[in-house]
Amino acid sequence: MQSPGPALAPAPIAAPAGELSAFSRSCRMRAERRASWAFRARGALGGCVAILCGALALLCRPLCEPGSLGGLLFCCMGLVVFLTGAGLRFWATLYVGGRKTLCLVTNGPYALCRNPLYLGTLAIANGAAIYSANPALIGGALLGGVLYGLLIIRG
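Numbered per the numbering used here, the sequence shown spans residues 510 to 664.
Since the hints were derived computationally from the structure, they do not count as laboratory data. All values reported here derive from a predicted model rather than from experimental measurement.
Restraint-style ranges between C-beta atoms, simulated for each label pair:
#1 T610 to L565: 34 to 42 Å
#2 A620 to G648: 28 to 36 Å
#3 L567 to T615: 39 to 47 Å
#4 L578 to A620: 36 to 44 Å
#5 R623 to G576: 37 to 45 Å
#6 A547 to C569: 27 to 35 Å
#7 A595 to L651: 13 to 21 Å
#8 S577 to L651: 21 to 29 Å
#9 L651 to A547: 15 to 23 Å
Just so you know, even glycine gets a beta-carbon here, dropped at the ideal spot from N, CA and C.
Between the sequences and the hints, there should be enough to build the whole structure, so can you do that?
Here it is, written out as structure tokens:
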């Protein structure tokens, strides 16, 4: 009985020289970002901001009464922002599929912004905060987005 030959590895996807260098730069930046303290502690940092803002939200009154016209406006704006963020995350996840480790994806939602998944998550958090009409939650969602952008994405 013959032993099976060596397993065939999938052929790498050929990319033009410019994209290959961009892809290698992207991989290097990703490795440097993983090594930074902010990237490693991003869950703890986000948890601290969420706990602090959640505690403040218990002490704050909403910006307007729930049954008023202003309350309806906050609900509608929050719902639109939330659904926009969820739609962006859904589109980006479907678009990248299993290709993110094979090639640099620069089309679809990735042509609009560098990190559509991060942007979608930020929109979901802000939409939920706006829906609540609570100033502490709105401020916390904005603060979390700014900190994440400065420490993690730009990091």
